[in-house]
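J.: Residue strings, one per chain:
There are 2 protein chains.
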Amino acid sequence: MASTKTEGARRKAGRRKKEDKASTADLLLDATSELMVERNSAEVTFADIAEHSGLNPALIRYHFGSKAGLFMALLERDAGGTFHNLETLVAADMPADQKLRHHVFGVIKTYWRYPYMNRLVAALSLESDSEAARFIAERFTRTLSEAQRRILEQGEREGLFRKIDPTLFYFSVIGSCDHLFTARHSLKFAFGVEEIDDDLRIRYSDHVASILLDSVMV
Amino acid sequence: MASTKTEGARRKAGRRKKEDKASTADLLLDATSELMVERNSAEVTFADIAEHSGLNPALIRYHFGSKAGLFMALLERDAGGTFHNLETLVAADMPADQKLRHHVFGVIKTYWRYPYMNRLVAALSLESDSEAARFIAERFTRTLSEAQRRILEQGEREGLFRKIDPTLFYFSVIGSCDHLFTARHSLKFAFGVEEIDDDLRIRYSDHVASILLDSVMV
Numbered sequence: 001m002a003s004t005k006t007e008g009a010r011r012k013a014g015r016r017k018k019e020d021k022a023s024t025a026d027l028l029l030d031a032t033s034e035l036m037v038e039r040n041s042a043e044v045t046f047a048d049i050a051e052h053s054g055l056n057p058a059l060i061r062y063h064f065g066s067k068a069g070l071f072m073a074l075l076e077r078d079a080g081g082t083f084h085n086l087e088t089l090v091a092a093d094m095p096a097d098q099k100l101r102h103h104v105f106g107v108i109k110t111y112w113r114y115p116y117m118n119r120l121v122a123a124l125s126l127e128s129d130s131e132a133a134r135f136i137a138e139r140f141t142r143t144l145s146e147a148q149r150r151i152l153e154q155g156e157r158e159g160l161f162r163k164i165d166p167t168l169f170y171f172s173v174i175g176s177c178d179h180l181f182t183a184r185h186s187l188k189f190a191f192g193v194e195e196i197d198d199d200l201r202i203r204y205s206d207h208v209a210s211i212l213l214d215s216v217m218v
Numbered sequence: 001m002a003s004t005k006t007e008g009a010r011r012k013a014g015r016r017k018k019e020d021k022a023s024t025a026d027l028l029l030d031a032t033s034e035l036m037v038e039r040n041s042a043e044v045t046f047a048d049i050a051e052h053s054g055l056n057p058a059l060i061r062y063h064f065g066s067k068a069g070l071f072m073a074l075l076e077r078d079a080g081g082t083f084h085n086l087e088t089l090v091a092a093d094m095p096a097d098q099k100l101r102h103h104v105f106g107v108i109k110t111y112w113r114y115p116y117m118n119r120l121v122a123a124l125s126l127e128s129d130s131e132a133a134r135f136i137a138e139r140f141t142r143t144l145s146e147a148q149r150r151i152l153e154q155g156e157r158e159g160l161f162r163k164i165d166p167t168l169f170y171f172s173v174i175g176s177c178d179h180l181f182t183a184r185h186s187l188k189f190a191f192g193v194e195e196i197d198d199d200l201r202i203r204y205s206d207h208v209a210s211i212l213l214d215s216v217m218v
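In the order they appear, the protein sequences are chains Y and P.
Quick note: the first sequence uses UniProt numbering, first residue 1, plus one each step.
Quick note: the second sequence uses UniProt numbering, first residue 1, plus one each step.
Same shape as in the complex, but just chain Y (with noise of 0.2 Å):
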């Protein structure tokens, strides 16, 4: 009875401990995200983690072994956990032309919540580790572009899209679904517009999947 009790206990620190381990991985996750939208930047130091987290700055270095690693978790987190989604969609019993226009969606309310996605993408390719680049290329890039040609192939089976090229394809949709928010200084100080609200992400993604339907379809 006693050494169940105690296994129990142990059994119950040890999830403790896990559960523990996890909230402050993803407290300091947080404490990056919300530090990257605040400055519209990428560069953000252990020291700038720890004081927004209330966190010592070894726990960065714990948890993730370095920026890099802290950058690809954060980057894993924001995109990755959109990748299913995307998987689901490439495979659904749709034609091309509404799953290419529920990507563009998808796409800009993913940069519409991490704003700072594309930047934490180039600061990354900066890492010497090549690791880091590597992730970038297969889990980031290549996922997004396979999808995309996936779905242009689909079109063209279907009659529905003229023959595209898919790298030039990806360039041009990941640039204008991405540069509202990466460029959102200008829609301030040029535009006078404060906030990237629902209706003006919703405006821009019509306007984006528009062009690029118009474009694709024969």
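Any given hint could turn out to be false.
[Said to hold, decoys possible] For each label pair, taking beta carbons as the anchor points, the in silico distance ranges come out as:
#, chain 1, residue 1, chain 2, residue 2, range
1, P, Glu38, Y, Asp48, 18 to 28 Å
2, Y, Glu87, P, Ala58, 54 to 64 Å
3, P, Gly54, Y, Ala47, 31 to 41 Å
4, Y, Asp48, P, Gly159, 48 to 58 Å
5, Y, Glu153, P, Ala58, 52 to 62 Å
6, Y, Asp93, P, Glu76, 47 to 57 Å
7, P, Asp198, Y, Pro95, 36 to 46 Å
8, P, Arg61, Y, Ala91, 51 to 61 Å
9, Y, Ala47, P, Asp165, 40 to 50 Å
10, P, Glu87, Y, Arg157, 44 to 54 Å
11, Y, His84, P, Gly54, 50 to 60 Å
12, Y, Ser66, P, Arg157, 49 to 59 Å
Derived by calculation from the structure, the hints in this document are not laboratory data.
Remember, predicted model here, so these are calculated numbers, not experimental data.
Beta carbons: idealized from backbone N, C-alpha and C, even for Gly.
Model the placement of chain P on the given structure of chain Y, informed by the hints.
T.: Coordinates of chain P only, in the frame set by chain Y:
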């Protein structure tokens, strides 16, 4: 005679001093530009620029006042130098669809030559200095978006273009033109393309111009 000689010598010395001043400033801008291309980033320090140019870092402050001053001068040199051509294009006796096509080729050629340009704009927008924000808004964003608005309006008048929101259009044009260059790490790591050569520049310009024209033309 002696006095004339002296005056001539004084004028000559004055001219040389002015030329030296101009060329020192140019050398500092060249060094900054080269470092930004090498690093694919706008993160450069006065010390980096001094080392790369072989000039004293105090000269940066002397010529440009601050980092924001240096960045504004570089943006003025790189982008500002193309705005005369843009003005000529907008005013030209040419149908709006051809103007839009030339505009896309022009913007992409500028990003091809100065791939750090939008990083530079973003770095300037983070400056607390309100002069930098005003400079970007008035000299950069508004110049480009105003030219686009005039081309779109001409196209509508000519019955060539449908009605289109010029602000949303601005972000989709600039984002799609820029992303191949801002994200050239993706081009390398995910698609195996090491360099954006003249052929790729032209194919991408043609791709983006076609997407936009297919959409705006009635």
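J.: Is 44 to 54 Å respected by the C-beta to C-beta distance linking Glu87/P and Arg157/Y?
T.: holds (46 Å)
J.: Check the following: the C-beta atoms of Glu153/Y and Ala58/P are separated by a distance inside 52 to 62 Å.
T.: For Ala58/P against Glu153/Y, whose Cβ atoms are near 59 Å apart, the range 52 to 62 Å holds.
J.: Quick check on a hinted range of 31 to 41 Å for Gly54/P and Ala47/Y, using CB atoms only.
T.: Since the Cβ atoms of Gly54/P and Ala47/Y sit about 33 Å apart, the hinted range of 31 to 41 Å holds.
J.: Hint says 18 to 28 Å; check whether the CB-CB distance for Glu38/P and Asp48/Y agrees.
T.: holds (27 Å)
J.: Starting from the hint 48 to 58 Å, judge whether the C-beta atoms of Asp48/Y and Gly159/P obey it.
T.: With Cβ atoms ~55 Å apart, the hint holds.
J.: A range of 54 to 64 Å was offered for this pair. Does it hold for the Cβ distance of Glu87/Y and Ala58/P?
T.: Holds: the Cβ-Cβ distance is about 56 Å, inside 54 to 64 Å.
J.: If you check the beta carbons of Arg61/P and Ala91/Y, does the distance land in 51 to 61 Å?
T.: Check passed, 58 Å falls within 51 to 61 Å.
J.: Mind checking the hinted window 47 to 57 Å against the Cβ distance between Asp93/Y and Glu76/P?
T.: Given range 47 to 57 Å: holds, Cβ gap about 54 Å.
J.: Using the C-beta atoms of His84/Y and Gly54/P, is the stated range 50 to 60 Å upheld?
T.: holds (53 Å)
J.: A range of 49 to 59 Å was offered for this pair. Does it hold for the Cβ distance of Ser66/Y and Arg157/P?
T.: holds (57 Å)
J.: Could you check the hint for me, namely that Asp198/P and Pro95/Y are 36 to 46 Å apart, CB to CB?
T.: holds (38 Å)
J.: Quick check: does the Cβ-Cβ distance between Ala47/Y and Asp165/P fall within 40 to 50 Å?
T.: holds (43 Å)
Checked against the numbered hints given earlier, this structure breaks none of them.
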